[in-house]
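Trainee: If you want the building blocks of each chain, they are given just below.
Protein chains: 2
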Amino acid sequence: MKVKIAELQAMVERLISKRLYSKDEAARIAEVLLYAELTGKNTQGVLKLVSANPPQDIKPQYAPKIVRETPLSAVFDAGGAVGMLAAQLATDKLIEIAGRSGFGITTMRNYSSSTGAIGFFARKIARKDLICVIASNSPRSVAHFGGIEPTYGTNPMAFGFPTMDNPIVFDMAASAITWFGLVQAKALNQSIPGDVAIDADGKPTTDPAAAMKGSILPFDRSYKGSGLAMVVELLAGVASGASYVFDEGDWGSTFMAFSPSLLMDLPDFKRRSSDLIAKVKSKKTGSGQAARVPGYDLEFEILERTESGEIDIATEIFEQLRAKDQVTTT
Amino acid sequence: MKVKIAELQAMVERLISKRLYSKDEAARIAEVLLYAELTGKNTQGVLKLVSANPPQDIKPQYAPKIVRETPLSAVFDAGGAVGMLAAQLATDKLIEIAGRSGFGITTMRNYSSSTGAIGFFARKIARKDLICVIASNSPRSVAHFGGIEPTYGTNPMAFGFPTMDNPIVFDMAASAITWFGLVQAKALNQSIPGDVAIDADGKPTTDPAAAMKGSILPFDRSYKGSGLAMVVELLAGVASGASYVFDEGDWGSTFMAFSPSLLMDLPDFKRRSSDLIAKVKSKKTGSGQAARVPGYDLEFEILERTESGEIDIATEIFEQLRAKDQVTTT
Chain A
32 MKVKIAELQA MVERLISKRL YSKDEAARIA EVLLYAELTG KNTQGVLKLV SANPPQDIKP
92 QYAPKIVRET PLSAVFDAGG AVGMLAAQLA TDKLIEIAGR SGFGITTMRN YSSSTGAIGF
152 FARKIARKDL ICVIASNSPR SVAHFGGIEP TYGTNPMAFG FPTMDNPIVF DMAASAITWF
212 GLVQAKALNQ SIPGDVAIDA DGKPTTDPAA AMKGSILPFD RSYKGSGLAM VVELLAGVAS
272 GASYVFDEGD WGSTFMAFSP SLLMDLPDFK RRSSDLIAKV KSKKTGSGQA ARVPGYDLEF
332 EILERTESGE IDIATEIFEQ LRAKDQVTTT
Chain B
32 MKVKIAELQA MVERLISKRL YSKDEAARIA EVLLYAELTG KNTQGVLKLV SANPPQDIKP
92 QYAPKIVRET PLSAVFDAGG AVGMLAAQLA TDKLIEIAGR SGFGITTMRN YSSSTGAIGF
152 FARKIARKDL ICVIASNSPR SVAHFGGIEP TYGTNPMAFG FPTMDNPIVF DMAASAITWF
212 GLVQAKALNQ SIPGDVAIDA DGKPTTDPAA AMKGSILPFD RSYKGSGLAM VVELLAGVAS
272 GASYVFDEGD WGSTFMAFSP SLLMDLPDFK RRSSDLIAKV KSKKTGSGQA ARVPGYDLEF
332 EILERTESGE IDIATEIFEQ LRAKDQVTTT
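Residue numbers (this note's numbering), protein chains in the order written: chain A, 32 to 361; chain B, 32 to 361.
Derived by calculation from the structure, the hints in this document are not laboratory data.
All values reported here derive from a predicted model rather than from experimental measurement.
Some hints here could point you the wrong way.
[To be verified] Below, simulated DSBU-like cross-link-like pairs (lysine-lysine); rule was C-alpha separation at most 35 angstroms, straight line:
no., chain 1, residue 1, chain 2, residue 2
1, B, K159, A, K96
2, B, K49, B, K217
3, B, K234, A, K234
4, B, K217, A, K315
5, B, K96, A, K159
6, A, K72, B, K234
7, B, K310, A, K90
8, A, K96, B, K310
9, A, K96, B, K301
10, A, K159, B, K234
11, B, K217, A, K310
12, A, K310, B, K244
13, A, K314, B, K72
14, A, K310, B, K90
15, B, K234, A, K314
16, B, K314, A, K90
17, A, K312, B, K234
18, B, K49, A, K124
19, A, K124, B, K301
20, B, K244, A, K312
21, B, K159, A, K159
With the hints as extra help, turn the sequences into a complete structure.
Mentor: Here you go:
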């Protein structure tokens with residue numbers, strides 16, 4: 032069904048600010064969820080509010096705090112807050128530091144559940160005219176190359192670059208399938224592709240339940256994907272003070288950014304990155320359509336959806352949201 | 032054949048310092064070539080001295096210079112020097128800046144030919160207790176995902192992390208096969224695997240000559256490898272002032288590093304990164320042997336070879352080197 036974006040947003044904010052989060056905090060969390068809806072990545076969207084362990088029910092232990100700070104860095108302890116809020120705080124602080132110093136790095140640990148799509152934060156940082164790298168780890172589900180036991184999380188990484196108009200934002204998970212992909216296939220009684228996971232004995236499997244007891248493979252089934260997963264574990268887990276190579280534990284994220292003006296005048300960088308897009312799009316493709324530049328082309332779609340004022344959402348999910356909204360407002 | 036490392040090194044330094052480079056510069060270039068030999072990556076080693084366009088014959092136009100400098104950065108113009116020397120200078124400056132400021136970024140452009148294996152520089156930086164990221168671009172040979180025309184270089188990326196003993200160093204190219212792999216297969220009249228390259232019409236090919244007229248595929252044949260190749264093009268080409276998406280042009284590299292002490296006490300970081308290695312190695316593998324940690328395990332092999340004082344080298348190459356050495360000394 033089509034719903035008004037403003038209506039959905041107000042409902043989401045109301046729902047989150049009911050008990051545990053302030054209106055301000057709810058708005059920051061809603062922003063991340065709505066972005067996922069606007070990009071069409073709706074597994075990262077408002078679905079989370081009606082799934083198990085929803086953000087609005089995650090009770091912080093204490094207010095997020097900075098436990099180490101230098102002119103170039105801030106190390107956060109999120110106090111058990113929901114990951115999306117924690118990542119917003121780390122992003123804000125990063126923009127402040129890198130805006131002032133030319134470079135910044137912030138880390139976040141002790142948050143609950145996922146941060147949402149990290150491309151959102153990379154886009155936000157790149158729109159402030161900063162180049163950025165973000166890494167997030169999670170409980171182990173992906174095997175090291177040659178391994179038959181989970182070692183790394185699905186470990187996404189994101190990169191953002193300003194241009195003359197839309198930022199370029201590239202994000203990717205280190206795993207051949209997402210954990211949610213397994214959960215979904217299992218729930219729907221579907222099989223998974225034969226080359227994305229192994230069972231507990233290390234044999235390829237198409238059974239999502241067997242894969243969940245076994246390991247997901249690195250995205251390229253080689254040492255390269257495994258190496259990138261390890262890099263994320265080092266940046267997001269080891270360097271942030273969070274857990275690493277873990278089952279039960281503390282997810283971590285690291286956010287880094289620098290100004291292109293460390294290297295050249297900002298307008299020159301933007302002119303050059305926009306020119307790179309033009310060059311990439313000028314090359315022949317199999318389909319005859321211009322190559323898609325990550326983040327950049329998506330931004331036009333987001334804009335279009337935003338301007339239309341309406342968004343597509345599964346009726347069932349919207350009804351569940353509305354039910355929750357009414358229960359708690361009456 | 033086995034040759035004494037010291038003898039090989041002296042010969043290489045003599046050869047390079049004959050005409051265009053000082054003894055000091057020759058030693059810096061030789062260090063990169065010898066490292067490749069010690070790691071067994073001998074396509075990046077002394078073979079270069081007897082191949083086409085050898086380093087010792089690359090005449091610099093002018094002395095490498097810094098064209099922009101801030102407390103956190105230095106932008107180099109290499110003046111046409113050989114890539115290995117240029118990368119050594121950028122690495123030295125990076126270590127100086129990041130050692131002083133906690134973060135540093137240096138870029139290098141206007142150098143001739145490849146920098147050699149960028150893992151060498153990542154290792155050097157990590158041994159100075161810095162976490163680093165390096166990216167290098169090169170003339171276009173790799174298609175964008177869905178593309179059928181070369182867009183990106185083979186675009187390697189490297190990451191380095193200090194530990195309590197050997198650094199972790201991960202480096203990878205964004206391409207499914209190296210350009211040298213095509214050259215070699217063509218010279219030996221061999222075919223290449225069916226899933227690493229396409230011809231000029233975009234059809235998979237096993238003919239290296241057809242692949243050289245067509246495109247190499249991203250290493251994972253998907254949008255992820257293509258996205259990483261684009262990230263390298265942005266960091267190493269766009270941000271450095273070098274060329275990007277180019278045939279004839281100016282190769283570029285970017286070197287970034289930060290101190291773990293921005294985030295936690297250095298000994299804590301090293302204890303944690305060493306612990307990550309132990310955890311990774313504790314997981315079951317298909318072969319029953321402990322997982323190989325990139326760079327880390329290699330370092331033990333380098334040490335062993337260094338301590339033995341001797342190295343394996345193809346007799347033919349050594350004879351060619353010796354001939355060059357004698358011609359120019361008499």
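Trainee: Compare the structure with each hint and give your call.
Mentor: Hint-by-hint comparison with the structure:
1. B:K159 <-> A:K96: Holds, at about 31 angstroms.
2. B:K49 <-> B:K217: holds (33 angstroms)
3. B:K234 <-> A:K234: holds (32 angstroms)
4. B:K217 <-> A:K315: holds (25 angstroms)
5. B:K96 <-> A:K159: holds (31 angstroms)
6. A:K72 <-> B:K234: Holds. A:K72 to B:K234 sits at ~32 angstroms (cutoff 35 angstroms).
7. B:K310 <-> A:K90: OK: B:K310 and A:K90 at ~31 angstroms, within 35 angstroms.
8. A:K96 <-> B:K310: With a Cα-Cα distance of about 29 angstroms, the restraint between A:K96 and B:K310 holds, given a limit of 35 angstroms.
9. A:K96 <-> B:K301: holds (24 angstroms)
10. A:K159 <-> B:K234: This hinted pair is violated, its Cα atoms lying about 41 angstroms apart.
11. B:K217 <-> A:K310: holds (29 angstroms)
12. A:K310 <-> B:K244: holds (19 angstroms)
13. A:K314 <-> B:K72: holds (33 angstroms)
14. A:K310 <-> B:K90: Distance ~31 angstroms between A:K310 and B:K90 Cα, so the pair holds.
15. B:K234 <-> A:K314: holds (16 angstroms)
16. B:K314 <-> A:K90: holds (34 angstroms)
17. A:K312 <-> B:K234: holds (20 angstroms)
18. B:K49 <-> A:K124: At roughly 54 angstroms apart (the allowed maximum being 35 angstroms), A:K124 and B:K49 break the hint.
19. A:K124 <-> B:K301: holds (26 angstroms)
20. B:K244 <-> A:K312: holds (20 angstroms)
21. B:K159 <-> A:K159: holds (32 angstroms)
Checked against the numbered hints above, the structure violates hints 10, 18; every other hint is satisfied.
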